[in-house]
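Participant: If you read the protein sequences in the order shown, they are chains A and B.
If you count the first sequence from 1, position 87 lands on 216 in our numbering, and the numbers rise without skipping.
If you count the second sequence from 1, position 234 lands on 1593 in our numbering, and the numbers rise without skipping.
Rather than coming from a laboratory, the hints here were simulated on the basis of the structure.
The calculated EDC-like cross-link candidates involving lysine to aspartate or glutamate, where the alpha carbons are at most 16 angstroms apart (straight line), are:
1) Lys185/A with Asp1544/B
2) Lys229/A with Asp219/A
3) Lys260/A with Asp199/A
4) Lys185/A with Asp166/A
5) Lys177/A with Glu161/A
6) Lys177/A with Asp1544/B
Computed, partial: chain B to chain A, Cβ under 7 angstroms:
7) Arg1522
8) Leu1525
9) Gln1531
10) His1536
11) Gln1539
12) Arg1542
13) Arg1579
Glycine is no exception: its CB is placed at the ideal position from the N, C-alpha and C atoms.
Residue-level listing of the chains:
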Amino acid sequence: MQRIIFLYFLVNLSLVPPLALAGSSGDPLKGEAVLRDMGRASCLICHKISNLLDEKDQGEIGPALDNAGDQFTASELRARIMDARQINPDSIMPPYFSTKGLHNVARAYQGQTIYSAEDVENVVAYLLSLKEETSQ
Amino acid sequence: MIARFLLMLLVMGLAAPLLADEPVRSGYEFMEPDTRRLQDDDFLNPGFFLVEDGQRLWSAKIGASGQSCADCHGEVEASMAGVAAGYPVFDPAAGEVFNLQTRIHSEMVERMHAPPMAYDADEILALTALIALQSRGLEMRPTLTAGAEAIIEQGREIYETRRGQLNLSCAQCHVDHAGQRLRGDMISQGQINAFPIYRLIWDAPGSTHRMFEWCMQAVRAEPFKRGSEEFLALELFLAQRGAGLKMEAPGVRR
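Bound conformation, chain B alone (with noise of 0.2 angstroms):
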């Protein structure tokens, strides 16, 4: 009982002052009418191909253990309800950030033997997006765990730092100027509750690494990669940044 009003103080020590002045809002209401309604039906939202993948997918046989997912989890939206709302997770056991994908491709290669995937793998994303979908509606509320507030510190400095040859942080806009307009596009508050998005300028599916790797060329920066420790521990502080926001993957973005 002590131990947890203990854990209860360390996270609203940790949540208050990530949660900064502006209330937190996704970037679904920063989006033209266009795009709303793409995401709001499910027929028409182009991330519903990723859905139908992971679909697929579940109940496939995958790697030498010649096991499904479904095999061990059974139907994806009873086992996998929520469980994307809690990610990423630092996991001190293994001292590593652990995020949906980086979950799901250490499932794959350590329990089911398939061989080493890249970050972004259509499998990957599409099994992704699959187990996001099982959230969706849900508060992102990732979990937090012993060790996980250095991790998003970590992230934090990431988050002010100014880089590149424009020499701007994401701080700069995604919290000094969010609602304003960078020509025609308004800016967001850069929230990841929506990921794996389906992303119009891209014309394709991707990852939150995707798009951090997007913004850091934007400002003519060297990008960490994808899948690194220092995209998970922005990924991480991200999600604390914007916890209580719901869910919404696939999201679609412009």
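Extracted from the complex, chain A is given alone in its bound form (with noise of 0.2 angstroms):
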């Protein structure tokens, strides 16, 4: 744990694309089931999936994540889920993997992210298994 929170900490500073995070490369079919789990704050709560079309009333705030494989590297999609505001500092997106700047935070969640590195990793494997061919 600590390596990855050094690991986390030297990817905020020097804004190099982030390595993964969790050691070993992530499991698409655990990030599919982080992404549907409304519970944790599911991307499809503002994002749509065509894949996932059997999950009823996608979001529409954020762009559709159909063929997220064929649009962005590993390393682009972990930036984008660990704090977007990396890519654009008014992004609506929550930071799934920082705690940076945040204010008012509740007691229950204070100091902790939202997803775990395993979860991040999970589901930049997952999308990273969106591609066009297996979107239909």
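Each chain sits in its own coordinate frame; assemble them with the hints.
Facilitator: In structure tokens, the structure reads:
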């Protein structure tokens, strides 16, 4: 865990594309499960993923994530999930793996990130699997 | 006459930047047809249980004074017509904002010598609904008093501050993304012209401050207390922001 935190700060300081957070690569199936879990600030609250049409009422705040695997590399996805403010300071997207600059956080969540390092890697792995040939 | 003209300029100056670009729209316009139907029919609208309680309380003896609201105010339909549409109000003498609930509470405690009650006590909420109903169909038009401007600015700042683990401000959803779907729900402008409301997901009636609290918890922020200076400032700001909307209490919301 300390190594993860160290890596994370290294990333924040240097603004290089973040390295994998959890040591090994993520599991797309676990990532899909995280994404479907509405209790966990799911991507689907704001984004649409056509592959998951069994999930009703997907969000329309952010861009659709169909073909995310064609559009972004792992490190680009990881950077956006971890803290989209690094790409656009005004981004409405919550920072899933940063507590930097947060204000008025509820006591139960203080000092914690929305996702764990493992969650981030799993979600990255799932999003990478979304490619045009798989979206039908 | 000059004073009135100056006041008008002040009011216009205050109101103009608050109305932003988007025309104000009640949450009603963002609702599903089934929810609208529930609000439209006074016999189906569960908010009317609250109104009935309020009617009973209006003529009940309250506190050590042994008096009822009706003893001084008479028929609620006459004495309270249009009153709620002018709230919240910054009271310069008291140096604080009163919304309808805190005004009712202060009447009950100060004048009628009732013991202090919780912010959303059933009695307060019921009387609020009854009195708000007497403004139904009228335009929400909070009275602007001297000193209100600073409080409205405080409320605006609260509204625009990103907070919580999800790092979201009220404005990011209710201004920037109103009309878009957040999961299954269409985001409204977050207007307060229908309060107190009956909220279906609570299966209970609730106040503006309960709603603010719910929103803050949803972004994983530590909410302000119901009845706090911060929530009252936010409420005054929101009433100004939505000025001109028709009052709908008791509203029904999902």
